Amino acid sequence: MMGYIKKFLRRQGRFFFSMYGPALLTIIFALLQAHYFPGSPVWPTGVLFILIMIIIGRYVKW
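Residue numbers (the working numbering): 8 to 69.
Hints listed in this document are in silico derivations from the structure and should not be mistaken for laboratory results. Remember, predicted model here, so these are calculated numbers, not experimental data. It is possible that part of the hints are untrue.
DEER-style ranges, computed between Cβ atoms [unchecked claim]:
(1) Ile12 x Ile35: 47 to 53 Å
(2) Ala37 x Met9: 20 to 26 Å
(3) Met60 x Gln19: 20 to 26 Å
(4) Trp50 x Met8: 47 to 53 Å
(5) Pro51 x Lys14: 24 to 30 Å
(6) Tyr11 x Ala41: 40 to 46 Å
(7) Pro48 x Met9: 48 to 54 Å
(8) Val54 x Met8: 45 to 51 Å
(9) Arg65 x Leu31: 16 to 22 Å
(10) Phe23 x Leu58: 28 to 34 Å
(11) Phe22 x Arg65: 16 to 22 Å
(12) Tyr66 x Gln40: 22 to 28 Å
(13) Leu16 x Ile62: 21 to 27 Å
(14) Ala41 x Ile62: 32 to 38 Å
Heads up, the beta-carbon is just placed ideally off N, CA and C, and yes, glycines get one too.
Input sequences plus hints: build the corresponding full structure.
Take a look at the structure:
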């Protein structure tokens, strides 16, 4: 029974990371960029999001 619960929780964790991980990393990057570099452009946030999506899609296999 514990093995089933571990397997279920691991599967749910992977699902949530693959769904919300890129957005969460992008939001954290945007907040840090706005805090430390207030006059910086917005386009690096979009570029980072695209790169994160490519990296997670290509290199993170479940």
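Val54 paired with Met8, Cβ distance criterion 45 to 51 Å
holds (46 Å)
Do the Cβ positions of Phe22 and Arg65 conform to the proposed distance bound of 16 to 22 Å?
This hint holds: roughly 18 Å between Cβ atoms.
Please test the hint of 20 to 26 Å on the beta carbon pair from Met60 and Gln19.
holds (21 Å)
Using the beta carbons of Pro51 and Lys14, state whether their distance is inside 24 to 30 Å or not.
Violated, since Pro51 and Lys14 (Cβ atoms, about 39 Å apart) do not stay within the stated range.
Does the beta carbon distance between Leu16 and Ile62 stay inside 21 to 27 Å, or does it fall outside?
holds (25 Å)
Distance restraint hint 32 to 38 Å, applied to the beta-carbon atoms of Ala41 and Ile62:
Given range 32 to 38 Å: violated, Cβ gap about 23 Å.
Indicate whether the distance between the beta carbons of Arg65 and Leu31 respects the range 16 to 22 Å.
With Cβ atoms ~19 Å apart, the hint holds.
Taking 28 to 34 Å as the hint, is the beta-carbon distance of Phe23 and Leu58 inside that range?
violated (21 Å)
That 48 to 54 Å hint for Pro48 and Met9 (C-beta), does it hold up?
holds (51 Å)
How does the Cβ-Cβ distance of Tyr11 and Ala41 compare with 40 to 46 Å: does it lie in that range?
Because 44 Å falls inside the window, the suggested range holds.
For Ala37 and Met9, compare the CB-CB distance with the range 20 to 26 Å and indicate the outcome.
Given about 40 Å between the Cβ atoms, the range is violated.
Look at the Cβ atoms of Tyr66 and Gln40 and judge whether their distance stays inside 22 to 28 Å.
Between Tyr66 and Gln40, where Cβ atoms are some 24 Å apart, the hint holds.
Hints 1, 2, 5, 10 and 14 from the list above are not met by this structure, while the remaining hints are.
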